[in-house]
Amino acid sequence: GAGVSQSPSNKVTEKGKDVELRCDPISGHTALYWYRQSLGQGLEFLIYFQGNSAPDKSGLPSDRFSAERTGGSVSTLTIQRTQQEDSAVYLCASSSTGTGAYNEQFFGPGTRLTVL
Amino acid sequence: GQNIDQPTEMTATEGAIVQINCTYQTSGFNGLFWYQQHAGEAPTFLSYNVLDGLEEKGRFSSFLSRSKGYSYLLLKELQMKDSASYLCAITGGSYIPTFGRGTSLIVHP
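Those protein sequence lines, which keep their order, are chains G and A. First residue of the first sequence? That's 6 in my numbering, and the numbers climb one at a time after it. First residue of the second sequence? That's 11 in my numbering, and the numbers climb one at a time after it.
None of these hints come from the bench; they were simulated from the model. Take these hints with a grain of salt, some might be off.
[To be verified] For lysine to aspartate or glutamate, the following EDC-like pairs were computed, each having C-alpha atoms within a straight-line distance of at most 20 Å: (1) K16/G <-> E51/A; (2) K62/G <-> E49/G; (3) K67/A <-> D68/G.
Remember, predicted model here, so these are calculated numbers, not experimental data.
Looking at chain G on its own, in the form it has when it is part of the complex (with noise of 0.2 Å):
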């Protein structure tokens, strides 16, 4: 079956605009999560969905940053006036569950963004 998706694969925006990037993770999962990778450095956590439950949020950066994830499906992560800093590639991964002990990740390619 399909993996994870993420679309755009590549986007390059103006600082200050708003961007949004989206996630289609496998079907079946319950869990999915978004990262964001620098340049030579670790995924950094972002937000994490599981299920029906209200969202861990605790990886945002900033208010600027905002997800959702619509039918427990597709996700959307929007981040609102850009700054340069804000350019990384942002991954999606999903799992088939989020608890339990073993819960391996399936990652998407990621969408680079640019912010000028």
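Given chain G, work out where chain A should sit, using these hints.
Okay, now just chain A, sitting in the frame of chain G:
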């Protein structure tokens, strides 16, 4: 909180064996993951350890010592295609994986 340390970069020769270490500090521990990430690509799952000891999977093995907060990934019979970044990640009470910065492995002929 959680903290993970890995070497930034390692080099090795094709056909050799390399060990990539990962040390961590965490208030709660459920398991440790290793992921492989080729340049410009998404991370892919390699292994998961929840109990102490060695887990072997083909050319790759992963070891965990919970009492020492220590893991390593062992790669045998290195191939050029093994050149990649290797990410160590741990899950604590929240089950949200925390990733280290990754170790960039360069395999040369």
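Hint check:
1. K16/G <-> E51/A: holds, 16 Å
2. K62/G <-> E49/G: Holds - the C-alpha atoms of E49/G and K62/G are around 12 Å apart, at most 20 Å.
3. K67/A <-> D68/G: violated, 43 Å
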